[in-house]
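Engineer: We have chain A already, so just place chain B with the ligands on it with the hints.
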Amino acid sequence: MNGYRRRAAIDLRLLGEGQRSWVMAGIMAIMLFLTVLAGALGLGVARSAGGIDRQLAGQLTVQLVEADASARDVRARALVAALGRVPGVTRVREADRAELAALLRPWLGDAGLDPDLPMPVLIDVTASPGAAAQVAAAARRVAPAARVDGSARWLSPVRGLLATLFWVAIALVLVIAAATAGVALLVARAGLDTHRDTIDVLHMLGSTDLQVARLLQRRIARDTLLGGALGTLAALALVALFQTRLALTGSEVLGGATLAPVDWTLLLLLPIGFALLATVATRMTVLHTLGRKL
Amino acid sequence: MGNIVHFENVGLRYGTGPETLSDVSFTLTAGGFYFLTGASGAGKTSLLKLLYLAQRPTRGAVRLFGEDAGSLPRARLPGFRRRIGVVFQDFRLLPQLSAYDNVALPLRVAGVRESEIEAPVLEMLAWVGLSARVTAKPPTLSGGEQQRIAIARAVIARPEILVADEPTGNVDPDMADRLLHLFEALNRLGTTIVVATHDMHLIGRIPRAQLMRVEKGRLVDPSGLLRHPPGAA
Ligand SMILES: Nc1ncnc2c1ncn2[C@@H]1O[C@H](COP(=O)(O)OP(=O)(O)OP(=O)(O)O)[C@@H](O)[C@H]1O
Ligand SMILES: [Mg+2]
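Protein chains in written order, with this note's numbering: chain A, 6 to 299; chain B, 5 to 237.
Bound conformation, chain A alone (with noise of 0.2 Å):
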């Protein structure tokens, strides 16, 4: 144990410490800044639509359209009556005949006051997820010409500018990532460069080229980590302040954005991610950059 920690020390010695080392340290702390807000937004808009989703799946409308008005009104009380009878449902509620024509007048002046007219019967039925299929059955055995609609429909521009939202902070993550390999690759090449005499003494000496990547390859995870763990917290410290002003907004799309603790340990867990990158990217280039030479 003494023995390791000691070995682990002249390592690290075996390439000075240079200034390069906190210019490393501060790219990655940017990096990680950045990767953890995307990654916060992506996260945030994932439970946002969650939430969406969820109480969309059970939201449903029936829509008849009849042109007598009084078997359009028993109709629609069969309806109602059957609805309420299908197991999973919770809610049946006719929508309001005034509401609708207050609704239609711009379009249609006071005639669509007029009792005559072949107003459509909306009928909003609140169920379980799994029983919208037999809402839809119970709905037609009453009246065949019944339509059925998840009442999805009118929020779906919100539900896909999330998904949208989503993509591109998963796109920003991912081209963020990208950025810290190509950082890790400079570095690790700038590294054999600068101590190429020191490289070269050790192959001399026997040393692997394995044994040179570890070298570099524990440099840039400490850096990384040193440097992304600093970045996360401030970005973490800006995500917790959104948070609670979310929240406050009562809103029930922006207030759905709050992130649960396994969202938080994701954003920890990435600045370990990028560390682990940096060290694939590190090994990669001094193997296959050593790997040319004699």
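Bear in mind the hints are in silico, worked out from the structure with no lab data behind them. Some clues are possibly wrong.
One-sided excerpt, in silico: chain A residues whose CB lies under 10 Å from chain B [stated by the list, open to error]:
| id | residue |
| --- | --- |
| 1 | Gly21 |
| 2 | Ala142 |
| 3 | Gln216 |
| 4 | Leu282 |
According to the in silico footprint, chain A covers these stretches of chain B (three or more CB under 8 Å from chain A) [what the hints assert, rightly or not]:
| id | stretch |
| --- | --- |
| 5 | 73-83 |
| 6 | 109-120 |
| 7 | 196-204 |
The model shown is predicted, which means the values in this text are computed figures rather than measured ones. Where a beta carbon is used, it is the ideal one built from N, C-alpha and C, also for glycine.
Structural biologist: Showing chain B with the ligands alone in chain A's frame:
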């Protein structure tokens, strides 16, 4: 004893320049003691570089430990290099490490446990008279002190071949004798020794040693005093 090194019609060219070494053929026997002499620029260091696998021959064959060194895949070089100790003409100590860590480096590279490193390193530093400078970094040491650290580093891992390029160039005659004594002791333990030197006094100290002389990139027979090429077939 078997042949440990065999050169056959070896040529070496740096880049597109003229041949630095031409038609070099010789055989070294395991356990032998060899001196390599020649004027400055004749090609001694170049020949040794082929021997310790810092260069590959541009033509001819270099056989080491019974294998063709010219075609060794890169992955096998470390294993071969660990069997060869080298005192570089320019020492090539790592300035950022202490004398102790410089000498310990070959053992650490070979994966020796830390608990088994301290005693031999301190013993070796004592042997070359540097017990008082264990923690000193090479830039703070004199040329002769650096050379002794380079020698300690070359022999610490008990190599099968010790290659020393002008190992006594910077030390006084007493220390030179002492270092030669160290080489002799290692030689008696079975290590094959190859020393490049201008120092005729040094060469005279080991009568049983064989002598190789390089002139303008070719091995020549030095007139009668010692044999050349040693053991040539
Ligand atoms: N890396 C190199 N690139 C190009 N030419 C080189 C290189 N190393 C050596 N040479 C040339 O090869 C020739 C032999 O050099 P080498 O170092 O082998 O001589 P040497 O016998 O060791 O000399 P000295 O006694 O001064 O150490 C010299 O002309 C030198 O300029
Ligand atoms: Mg030389």
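Engineer: Work down the list of hints and note, for each, if the structure agrees.
Structural biologist: Hint-by-hint comparison with the structure:
1. Taking 10 Å as the C-beta cut-off, the interface hint given for A:Gly21 holds, the closest approach to chain B being about 5 Å.
2. The beta carbon of A:Ala142 is not positioned within 10 Å of any beta carbon in chain B (closest approach about 70 Å), and the interface hint is therefore violated.
3. Interface restraint check for A:Gln216: the shortest CB-CB distance to chain B comes to about 7 Å, inside 10 Å, so the restraint holds.
4. Evaluation of the A:Leu282 hint against chain B yields a violated restraint, the C-beta minimum of about 26 Å exceeding 10 Å.
5. A count of 5 residues in the stretch 73-83 of chain B with a Cβ less than 8 Å from any Cβ of chain A is obtained; the coverage claim is therefore met, three being the minimum.
6. Closer than 8 Å: that is the beta-carbon criterion, and the stretch 109-120 of chain B has 8 residues meeting it against chain A, so the requirement of 3 holds.
7. With a threshold of 8 Å between beta carbons, the proposed coverage of the stretch 196-204 of chain B by chain A is violated, since 0 of its residues qualify and at least three are required.
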